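Turn these sequences into a full structure, and let the hints steer you where they fit.
So my numbering is basically just the index in the sequence shown, starting at one, shifted up by 1123.
Calculated directly from the structure, the hints in this document are not laboratory data.
Only a predicted model underlies this, so the values are computations on that prediction, with no experimental measurement involved.
Hints should not be assumed to be uniformly reliable.
[Said to hold, decoys possible] Derived pair list, reagent style DSS-like, types lysine-lysine, alpha-carbon separation capped at 25 Å:
1. K1493 to K1374
2. K1493 to K1540
3. K1191 to K1253
4. K1279 to K1310
5. K1418 to K1253
6. K1540 to K1513
7. K1310 to K1276
8. K1374 to K1155
[Unchecked claim] Listed next, with one range per pair, are the computed distances between beta-carbon atoms:
9. D1242 to E1280: 27 to 33 Å
10. D1429 to K1523: 45 to 51 Å
11. R1246 to D1274: 24 to 30 Å
12. L1182 to R1234: 22 to 28 Å
13. L1273 to A1307: 16 to 22 Å
14. L1419 to R1243: 35 to 41 Å
15. D1429 to T1494: 47 to 53 Å
16. V1153 to R1448: 38 to 44 Å
17. E1526 to E1422: 25 to 31 Å
Note that beta-carbon positions come from the ideal geometry of N, C-alpha and C, so glycine has one too.
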Amino acid sequence: MPPSIFSQPQASEDNPGGGKLDLTKIRLLVDKGWYRLYEDEARGLWFLEMDRSPAGYVLKCPVGCWFKPLPGKLGLKLVEYVAEALFSRYIPQVLTSRSLMKLVNYLYRYRSQSCTTLDRYVRLIAQFLKWVREDPDRLVAGCFTREGLLDQKAVKELAQTIDLYLGELQAEGLASQTIASTKAALKTWLEINGITLPRIPTPRIRHNYSPRAPTPDELAKVLEIGDLRAKTIISILALSGMRVSTLARLKLKHLEPDLSRGVSPVCINVPAELNKGQFCSYFTFIGEEAVRYLKLYLEQRRLGTDKIPPEQLTPESPVIRTYDRDPRPVSSKQLYYTVSRLFRRAGLLREPKLGRRYRLCAHSLRKYFKTQLAARGVPPEFVEFMMGHKTSTYLDVRSKGVEFLRSLYAASGISIKPQTRLSKIEVLKELVRSLGFRPEEVLVKHILEKPHRTLVTDDNQLEALREAIRHAIRKEIVELLEE
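Right under this line is the structure:
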């Protein structure tokens, strides 16, 4: 136990003695490597020491704070949740606040335990508290009488203050969605602490931010300038439709056994804990293009580069890793930054107007997946399933099985770069296209009409394309005879 972290503790309400501590009474409760939790048995306090991020990076502003202990194993989990979700500057404020810890407990126990949600709520609440120059617990306590009853006059005044604050945000040019999110965060925090606000009107939500899907040519340009790791990231996101947060936590075991067996398209099994909201598990696919980049990237990691030493890959290895010497999964923020940097280098980003966002971002790759499959005639319920959405048709689609969706995905022909070598199938596709039909829609329709087939082979595709050609010729002959 490093004594330096306890040598000069700040005097506070919980520690009136300042630096007069009995180190023999302090014991280690939790050591996660990136943070440590101690207990001062003499004073009944906990101390959190955090010098690294959950990904293992050294913090510029290490965390060290005393706070009142939380009961049971749940208390330890809540501390870990706070340490994992928040920036270091917010951690002491939350751990030492009874009202904010109630919010943490609510999001952990009754919601999805999303680190993103907790971070978002705490940021919005902290900005409001900074604006009103008030401590969170004092603000909550001010809404109650000495007898513990709700002071309706104080609640009404608080609602007016919040309404004024939302007006300030609107005057600053913030998007209506941001204003609505701020109101929702404040309302949730106060309701959990027993304060029900009267109705506060908010501006009608207008979508100032309108992201678009990149074109295949734009993505092909991005692939040309990116290194092997970047090519893998772009191709997986664009051809699987998964979220950035899912790819950041994806492991090689989630691509097995297809990746090892050479099956294509490769099925990616996404468990519920990797999906947004943890509502449901699902599976999606990546085709030859993404699989080729992925295999080359994994081989590069096995051999090592000038940036990373040789790596022994296991089923628990991350699909995308950092450039650190020790293999670590990349974070969502790093993936967002990587994709944005590639878009910028490709000359696809234009500076947005004040208060707006870029129209191309990492989420645009997910939009690319949706628009490409929809344009190829894949029914929307199947597209939504492969994007991890739990719709009313979720169970119906899942009951079709992996092989049926694999066939549907393969028949769509989704890709980034156009095929360079024309096979017999491609020749027939061109012929079908010249007759006024979309070959991808022909193949998808063929799959849907014959759901008993668990695998679409080249012969199946040839059969469908030939039938489409015969149908077009028959139709042309009939029209000529009628004339």
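Against the structure, the hints come out as follows:
Proximity of K1493 to K1374 is assessed by CA-CA distance (about 24 Å); at most 25 Å being required, the pair is judged to hold. Taking the CA atoms of K1493 and K1540, the gap is about 17 Å. The hint holds against a cut of 25 Å. Simply put, K1191 and K1253 have alpha-carbon atoms about 23 Å apart, close enough for the 25 Å limit, and the pair holds. Simply put, K1279 and K1310 have alpha-carbon atoms about 13 Å apart, close enough for the 25 Å limit, and the pair holds.
The straight-line distance between the Cα atoms of K1418 and K1253 is roughly 50 Å, outside the 25 Å bound, and the hint therefore fails. Distance hint between K1540 and K1513 is unfulfilled; the C-alpha atoms sit about 31 Å from each other, more than 25 Å. Of the pairs offered as hints, the one joining K1310 and K1276 holds, with about 17 Å between alpha carbons and a cut-off of 25 Å not exceeded. Only pairs whose Cα atoms come within 25 Å are accepted, and K1374 paired with K1155 is accepted, the gap being roughly 21 Å.
A C-beta distance of roughly 29 Å is found between D1242 and E1280, which places it inside the suggested range of 27 to 33 Å. Take D1429 and K1523: their Cβ atoms lie about 46 Å apart, and the range 45 to 51 Å holds. Restraint check, R1246 to D1274: a C-beta distance of roughly 28 Å satisfies the suggested window 24 to 30 Å. A C-beta distance of roughly 27 Å is found between L1182 and R1234, which places it inside the suggested range of 22 to 28 Å.
A hinted range of 16 to 22 Å for the beta carbons of L1273 and A1307 is consistent with their spacing of about 21 Å. Between L1419 and R1243 the C-beta distance comes to about 37 Å, which sits within the given range of 35 to 41 Å. At about 38 Å, the beta-carbon gap between D1429 and T1494 misses the expected band of 47 to 53 Å. About 26 Å separates the C-beta atoms of V1153 and R1448, a value inconsistent with the hinted range of 38 to 44 Å.
At roughly 28 Å, the beta-carbon separation of E1526 and E1422 lies within the given 25 to 31 Å, and the hint holds.
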